Each structure stands twice: as C-alpha cells, then as structure tokens.
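Enquirer: Can you build the whole structure from these sequences, using the hints too?
For reference, each letter of the sequence shown is one residue, going 46 to 302 in this note's numbering.
Just so you know, not all the hints are guaranteed correct.
[As the list claims (entries may be wrong)] Below, in silico cross-link-like pairs of lysine-lysine (DSS-like), each with a Cα-Cα straight-line distance of 30 Å or less:
no.	residue 1	residue 2
1	Lys234	Lys144
2	Lys141	Lys176
3	Lys258	Lys176
4	Lys98	Lys223
5	Lys234	Lys176
6	Lys223	Lys258
7	Lys234	Lys223
8	Lys258	Lys234
I should point out that these hints are in silico values taken from the structure, not numbers from a laboratory. Computed from a prediction, not measured in an experiment: that's the story for all the values here.
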Amino acid sequence: MTTVTNKIVDQLASRLHERVPYRSDLYMADYSTISSTSARLLVGYERKLGKPKMKDVEQFILCAFEGSLLPHQETARVVVEQAAVIIAASKYVPTKALKESENMMAIASTMFIDQVLQETWEVRSTGEGNKYLARVSPENIDSILQERRSRMKTHARHVTFAEIGTGLPEVTPGAIVKFIADSEVMTGKVSVVAPSTVTVIEQKTGNAFTINKYSVVDIVEWSSEMKNEMLNDIKDHYSKVYSPDYAADMARQAGGE
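Expert: Written out as structure tokens, the structure reads:
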C-alpha cells in the first residue's frame, strides 16, 4: 500500500476503535473444540498494528459471542509468525450455591429442576472439591461457535489451525501441565499418555482427569525424559559447530546447572 493509503487505513482503524471496546482489526480465524463446553480459538490481527493486548482479545471474544463464551487469559499465546493469538475459552454456564437445590425438585442424586423457571441444574465440583449447581444447557460450544461465526464479517487473510498446528509439543508422563477440565484451567502432573487422551493428576485435589490431548494448554515443567532429550539435542547441535567441551557446557547451562 502507498503511504497515503496507509494513513487512510490507520484513520479508519482509529475511528472504528472508538466505536468498539477492542481493536477493530481482530477477527475470528478458526477454532478447535476441546470438549462440549471448551474450545481453542484462533484470533487473527493486522500485523502492521503489532501484537494486541490481552484485554483487547478478551473484549473481542466477549463481544463477538455476546457473553456466551468466557476466555481463559492464562492460556493465551501469541503466534507472531502468523499474526494470531491462540486462546482457550469455555461456554458461559450460570451457577448457583448448592443450598439453592433445597428449593428445587430432585430428579436424580445430582440433578434438580427449578419448577418455576423450568431449568435443569446439576451438582458439580471445583478443582478444590467445592460443590455447586450448574445450569444444564443442550447447546454445546461447537454450535455456539458455528452460529456466531456465520454472522461475523469475513477477513481477506485467513489463518487456520491447520497451518499453525496445536502450538504445543507432545507431552510425556511426568510433565507438569496446565489443562482444561469442566470449563476450568487446572494444573497437574501427567501420569498416562495415550494416542488421543492424556491422564493428569490435579495438583490440589489429587483427582485424576482423563482428557482430550488438546485440553493441555501449556507446559509448566518438562518431564525428566523430555529434559534429557532436549539436552542431548543441544549437545549434538553444538558438538557439530563447536567443541564437545563447549557443547557439554551449553547443555549444563540449559539444564540450569
């Protein structure tokens, strides 16, 4: 674009920003479902405007999906090469204190019906083990994403997860990870890795969660197996370029020695 064209684009972007509570260049590029209630979102942005602030990304998701999705800020990761942000989000689920079930009709040991509002509620537990009521909704996150995306404006440049991948390396047993379960971000230690699932022992409660491997959103600490593999790769690389002694020293530094 010419200098004049760039100035016009910048002026239009500035005016649009005054009308919406987030950066106007943000757009919904792609998504990948994690479960019936959570998904990874790929939010694109205009490269020339630089990386967006996380509050802009959050506001974009809240506004674009009219409050039906809640972004998990701690899972956000910027992919500079593709001018996109990967962030996990979960379907908004209204909750109530467990004692509210006393005013409802029990239909199962953990299910209740609010006869006034004709709503079904179920008992759930937080990562700390505290119980509460969550409203049951037949609408899953995939249908929300499809319906909203069909009403959003299209974007000339369209990055996808097929181009970027999951953005995370394969996890191995012993790794400490952040993961999403029951619409919450939790931290735990990987105990079992299967072809499509991962079993994680949650740190606070010791509860085991067997989850879709895409539910793992961040690596907090590598497993000893993965650490050794990376250190060996570093040694091999520097041994080819420098001396074996220098390679060993670089590996020690990378290992925190």
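Enquirer: Against this structure, judge whether each hint is valid.
Expert: Structure-based check of all given hints:
About 33 Å separates the Cα atoms of Lys234 and Lys144, which puts this hinted pair outside 30 Å; it is violated. Distance hint between Lys141 and Lys176 is fulfilled; the C-alpha atoms sit about 10 Å from each other, no more than 30 Å. Restraint check for Lys258 and Lys176: the C-alpha separation of about 26 Å stays at or below 30 Å, so the hint holds. Distance check on the hinted pair: Lys98 and Lys223 sit about 22 Å apart at the alpha-carbon level, within 30 Å; holds.
With a C-alpha separation of about 23 Å, the suggested pairing of Lys234 with Lys176 holds against the 30 Å cut-off. With a C-alpha separation of about 12 Å, the suggested pairing of Lys223 with Lys258 holds against the 30 Å cut-off. For the hint linking Lys234 to Lys223, the alpha-carbon distance of about 9 Å falls within 30 Å, and the restraint holds. In summary, the hint linking Lys258 to Lys234 is supported, as the alpha carbons are separated by about 14 Å, within the 30 Å threshold.
Taken one by one, the earlier hints fail for this structure only at number 1.
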